[in-house]
Amino acid sequence: MKNKLLTKKVAEFIQGHIDPAHRPFKPLAAQLDCTEADIVSIIAELKAKGIIRRFGAILRHQQAGFTCNAMVAWQAPLGREDETGQKMAAYPQVSHCYLRQVPGDFPYQLFTMIHARSAEELQDVVNAIVKSTGIDNYQVLHSVKEYKKVSMRYELEDWLKAWDEEESR
Numbered sequence: 001m002k003n004k005l006l007t008k009k010v011a012e013f014i015q016g017h018i019d020p021a022h023r024p025f026k027p028l029a030a031q032l033d034c035t036e037a038d039i040v041s042i043i044a045e046l047k048a049k050g051i052i053r054r055f056g057a058i059l060r061h062q063q064a065g066f067t068c069n070a071m072v073a074w075q076a077p078l079g080r081e082d083e084t085g086q087k088m089a090a091y092p093q094v095s096h097c098y099l100r101q102v103p104g105d106f107p108y109q110l111f112t113m114i115h116a117r118s119a120e121e122l123q124d125v126v127n128a129i130v131k132s133t134g135i136d137n138y139q140v141l142h143s144v145k146e147y148k149k150v151s152m153r154y155e156l157e158d159w160l161k162a163w164d165e166e167e168s169r
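So the sequence shown is numbered by this note's numbering: it starts at 1 and just counts up by one.
Worth flagging that the hints you see were computed from the coordinates, not collected in a lab. Yeah, the Cβ is synthetic: ideal placement off N, Cα and C, and Gly gets one too. Please note that the accuracy of each hint is not assured.
To be verified - Beta-carbon label-pair distances, calculated as ranges:
# : residue 1 : residue 2 : range
1 : P24       : D105      : 46 to 52 Å
2 : Y147      : I52       : 43 to 49 Å
3 : Y147      : L99       : 37 to 43 Å
4 : E165      : E81       : 32 to 38 Å
5 : A21       : Y108      : 42 to 48 Å
6 : Y147      : P107      : 46 to 52 Å
Claimed, not checked - Distance condition first, Cα-Cα at most 30 Å in a straight line; then the derived DSSO-like pairs of lysine-lysine:
#  : residue 1 : residue 2
7  : K47       : K4
8  : K149      : K8
9  : K47       : K8
10 : K47       : K26
11 : K4        : K26
12 : K49       : K26
13 : K148      : K9
14 : K149      : K49
15 : K47       : K87
16 : K149      : K26
17 : K9        : K49
18 : K87       : K8
19 : K131      : K87
20 : K26       : K9
21 : K148      : K87
22 : K47       : K9
Generate the whole structure from the sequences, applying the supplied hints.
Right, here's the structure in full:
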């Protein structure tokens, strides 16, 4: 990898808000005294090494008109949780899909977050998931109020320590 400090600065930068300008890396390149191509190269290398999975824009669903949102708790068929979760995750309206460990008497172990422009559209997505998975035991939990929504920011010290160890071998 390129210079460790430069890589750390790029990794920190891509975790924050990036202005959707024509050349979003230009200000960072000027600040770090490197080229925009260097920044793109570092991002590609972070992805190739598995340090980041993807790099892309995050849509603020409320601002984009997706005002009807719900978490849906599903009772997946035993032994088919992965297959069922993958089917659910394939829907573009599903932003999150998790298999969770739940208490013994709680029947729902798959959870999806569905975003729609209306209650009718949301129900259409739920109905489509029911049809494609065969699940008929679920609960729709409509969002009422958002108290916090932030992108996760990761401390990079452990990663840098691992990098140092790898380079010293």
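Next item on the list: Could you check the structure against the hints above and give me the numbers of any it violates, in ascending order?
Entry: 2, 3, 6, 18
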